[in-house]
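Could you build the full structure based on these sequences and the hints that come with them?
Okay, here's what each chain looks like letter by letter:
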Amino acid sequence: MEALFFYLFGGLAVITALVTITRRDAVTSAFWLIACFLNVAALFAMLSAQFIAVMQILIYAGAIMVFFLFVTMFLGEPRRVRLNRGRAIPLISTVTVLLLAYLLMRITNTQHRGFPSISDSYGSVAMVSRKLLVDYVFLFEVTGLLLLVAVIGAVYVARKPRTGVGEGEGHV
Amino acid sequence: MFDASVGLNHYLLLSVLLFVIGVAGVIFRRNAIIMFMSIELMLTSVNLTILAYSRYLGDHTGHVLVLFVFAVAAAEAAVGLAILVELFRKRDTVDVDRFRQLME
Amino acid sequence: MAEIAWALGKILFMLVFVFTVLVVMIWGERKGSAFIQDRIGPNRASIGGVIRLGGLVHPVADVLKLLFKEDLVPGAVNRFFYTMAPFVVMVIALVTFAVLPFGDAIYLGDKVIPLRIADLDVGILYLLAITSLSVYGIVLAGWASNNKYTFLGGIRSTAQMISYEINMGLAVLALLLVYGSTRVDAMVVEQGQLLFGFLPRWGVFLQPLGFVLFLTSVFAETNRTPFDLAEGESELVSGYNIEYSSMKFALFFMAEYASMIVAAGFISSLYFGGWQVPWLDTITLREHAGTFLGVSLWVGAVFNLLFAALLWKRYRRERGLLGDRRELEPLVLGIVFFILALVCLGAVVIASPWNLGEQGAAHFATVVQVLSFILKTLFFSWLFIWVRWTLPRFRYDQLMKLGWQLMLPLGLLNFFVTAAVVLLAR
Chain A
23 MEALFFYLFG GLAVITALVT ITRRDAVTSA FWLIACFLNV AALFAMLSAQ FIAVMQILIY
83 AGAIMVFFLF VTMFLGEPRR VRLNRGRAIP LISTVTVLLL AYLLMRITNT QHRGFPSISD
143 SYGSVAMVSR KLLVDYVFLF EVTGLLLLVA VIGAVYVARK PRTGVGEGEG HV
Chain B
405 MFDASVGLNH YLLLSVLLFV IGVAGVIFRR NAIIMFMSIE LMLTSVNLTI LAYSRYLGDH
465 TGHVLVLFVF AVAAAEAAVG LAILVELFRK RDTVDVDRFR QLME
Chain C
330 MAEIAWALGK ILFMLVFVFT VLVVMIWGER KGSAFIQDRI GPNRASIGGV IRLGGLVHPV
390 ADVLKLLFKE DLVPGAVNRF FYTMAPFVVM VIALVTFAVL PFGDAIYLGD KVIPLRIADL
450 DVGILYLLAI TSLSVYGIVL AGWASNNKYT FLGGIRSTAQ MISYEINMGL AVLALLLVYG
510 STRVDAMVVE QGQLLFGFLP RWGVFLQPLG FVLFLTSVFA ETNRTPFDLA EGESELVSGY
570 NIEYSSMKFA LFFMAEYASM IVAAGFISSL YFGGWQVPWL DTITLREHAG TFLGVSLWVG
630 AVFNLLFAAL LWKRYRRERG LLGDRRELEP LVLGIVFFIL ALVCLGAVVI ASPWNLGEQG
690 AAHFATVVQV LSFILKTLFF SWLFIWVRWT LPRFRYDQLM KLGWQLMLPL GLLNFFVTAA
750 VVLLAR
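Chains as they are written, first to last, in this note's numbering: chain A, 23 to 194; chain B, 405 to 508; chain C, 330 to 755.
Read the hints as simulated data drawn from the structure, not as lab findings. Since we're looking at a predicted model, the values are computed, not measured. Among the hints, a few may not be true.
Claimed, not checked - The calculated SDA-like cross-link candidates involving lysine to any residue, where the alpha carbons are at most 25 Å apart (straight line), are:
(1) A:Lys153 / C:Thr747
(2) C:Lys360 / C:Arg381
(3) A:Lys153 / C:Arg755
(4) C:Lys394 / C:Ser575
Below you can see the structure in the form of structure tokens.
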């Protein structure tokens, strides 16, 4: 049963990811990427990481991707697909393929490593929060700072340029 | 390899596949937004690895790490997309080959 | 096996519940708007020319009409996403129900059956996650239709959802602090106690500001007036669903109501005690089950008789006024009510419900609690209709201003004050 679900969600994740990077316009890509993230969230849930799975949906699929879609829809579609034809591409591709082959070889050569049985509370909100807010509370605060900086930076970068006195009024 | 029970290796394999798809997206596509989305895909595949190891070790530290990755990804998306919007306003394209100057 | 059967049973119950309330809500919307605007509202559709039920037959006629309409797909649409959009909207509206408890756990022998579909540790976060996905149905429809009005509707909806989700999340987080649990069932159980000895310990009394914020955000998230800018007839023709016809349109239409019912269910569960009957906890209900059942049967008998008598009077009065079979309706309904009254009386006399036995008492308590949940949900569904026909639509800048400049600071304030109080009270 578990294997069935793994191959289902895993296969769907790979297919949707492939579709994502091969679409012509970014809006379609974004929709397929959302589908991919939902499948990955299902895989997270299968790894008993309930909280992270929900967060994956909430943050990635629900917030970041909405933002992507919003921006993409504003920017409009490209007229034609352009692929990268830089001189370094064959080299980079070769290295990537070799790396992929090496990783695949290493993983398939390793003997089967099953998951140990764990308590029911593994991956629950309480357990993860305890870890996050007791052991890593400083990093947690720093992350808050990072997000604040990101918000300010984003607002600063994307603000409308002030063209005249009073014209920037009402825009953020 | 393809026996009935799913283990750590299965998840690692899947994660590698997703990561490579993300890399391919970044290398071959010139649409800045799709490249950006490919990077998000790579981040997600790494998260999958972290969670699989976390499950394998029966430890929660990986979950915390993934939460931090989420936060960083959100910050990155906010700033990155803001930069993209700004670039689009100036050059009317999202094709990364058209962006040749750092100071515009 | 038995577990799967129970799970399927609960899912079936929820589906039946949603689709029944949905039909009633569509009827309520029409009749309610007619009432508020001093009109009569729909009353023509009938079964056999006799039964009209004050317009309740209309939704059935509507569904039949939409089923047999031509399913027109415009040429320039992105066919895959265009077809998918209504399903996405409907599925997302329905799956939210999984974490909603609709009654206290049933005990069958030594087995405990909790009355909610999924036992999720993340509970209320699941609601937030699914709600955050609900925007995609509208965006998909708006974008795939390849029409500027639908597109504008989709874009408006995205910005609106992003803005109001934060407020909703803040209100829910404050609730988490109060109840100390992410599980919706635990929250509902907590609300069964009394506050100061006389008020039910409902979320609305613990989090009044949070409730207002949550309610407002829910209206925005369900794209309901005064926040229905995604459809705004006067600006965008009909917004994201212009290009849809036939059953696909019906799916959008029904999904809107389904998501309202879900929202109403969550409002009642989080802030109004869910399945809890105020002042009567499960134990009291079980102890006095026989008395309650007997009294309610008597009351039911009296009221049914009253209805029957009134309908008979009406039949006598209106006979010959219409000149066709429609005037038979009070007679038919009166007979139905009379039979119901007889059933109630018969149950009191024959079955003597005053001593139900332990199992029977428990089942009676469950039924009463489920009814309590249904009544609360119905009330908040009606609230959605009430607000829609009372308030005008916001302008877009007002919407954004309200979300970011008023509700966000208030939500943060509410959150911090709640956190401080919880910390001090501990």
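For each hint, the structure was consulted:
1. A:Lys153 / C:Thr747: Holds, at roughly 23 Å.
2. C:Lys360 / C:Arg381: Judged against 25 Å, a Cα distance of about 13 Å means the pair holds.
3. A:Lys153 / C:Arg755: Given that 25 Å is the threshold and the Cα spacing comes to 22 Å, the pair holds.
4. C:Lys394 / C:Ser575: holds, 8 Å
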